[in-house]
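Undergrad: Quick note: the working numbering has the sequence shown finishing at residue 281, numbered continuously throughout.
Honestly, the hints are just simulated from the structure, not real lab data. A few of these clues could be false.
Stated by the list, open to error - Pairs of lysine-lysine residues, derived as DSS-like cross-links and limited to a Cα-Cα distance of at most 25 Å, are as follows:
no.: 1; residue 1: K229; residue 2: K211
no.: 2; residue 1: K244; residue 2: K216
no.: 3; residue 1: K191; residue 2: K239
no.: 4; residue 1: K191; residue 2: K216
no.: 5; residue 1: K262; residue 2: K239
no.: 6; residue 1: K191; residue 2: K229
Just so it is clear, the structure is predicted and the values come from calculations on it, not from any experiment.
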Amino acid sequence: MCYNCYADQRNPPRSKEVHNNEEARIQTEFFKLIPLYFPNIPDKLIFAVPNGGSRHVREAANLKRQGVKPGVSDVIVLIPQKGFASLCIEFKTRVGKQSEEQKEFQKQAESCRNKYVVVRSASQAIEELQKYLS
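Could you put the whole structure together from the sequences, leaning on the hints where they help?
TA: And the structure:
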């Protein structure tokens with residue numbers, strides 16, 4: 148048995164880690180699809196926000212000092228459309244729920260004319276982006 152297999156067996160992922168990995172997989176798939184569905188979208192105006200995941204205490208403290216905020220959406224599209232300043236996309240698993248910090252960010256973002264959506268698949272994210280840009 149390889150070391151990683153042994154380590155995985157001894158330390159199975161916790162439920163939250165499984166959800167985070169699934170959310171990361173969905174988000175990765177979304178970014179793979181963007182060039183296919185939106186070849187003309189300015190690539191610097193749609194980006195991921197590195198605010199999730201587990202980090203060492205020192206790294207987390209450093210990021211906090213640099214302005215990283217909990218609850219900010221996973222992806223931001225900085226293209227004004229239909230009276231909205233931007234589109235904020237939050238990725239969740241089929242059963243995932245928004246944290247209180249995410250709900251607060253949604254409230255603040257929407258109060259400043261930003262569209263905010265929660266999606267549960269890459270295809271749903273593509274659909275929301277298509278609706279937003281059309």
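Undergrad: What are the numbers of the hints the structure violates, in ascending order?
TA: 1
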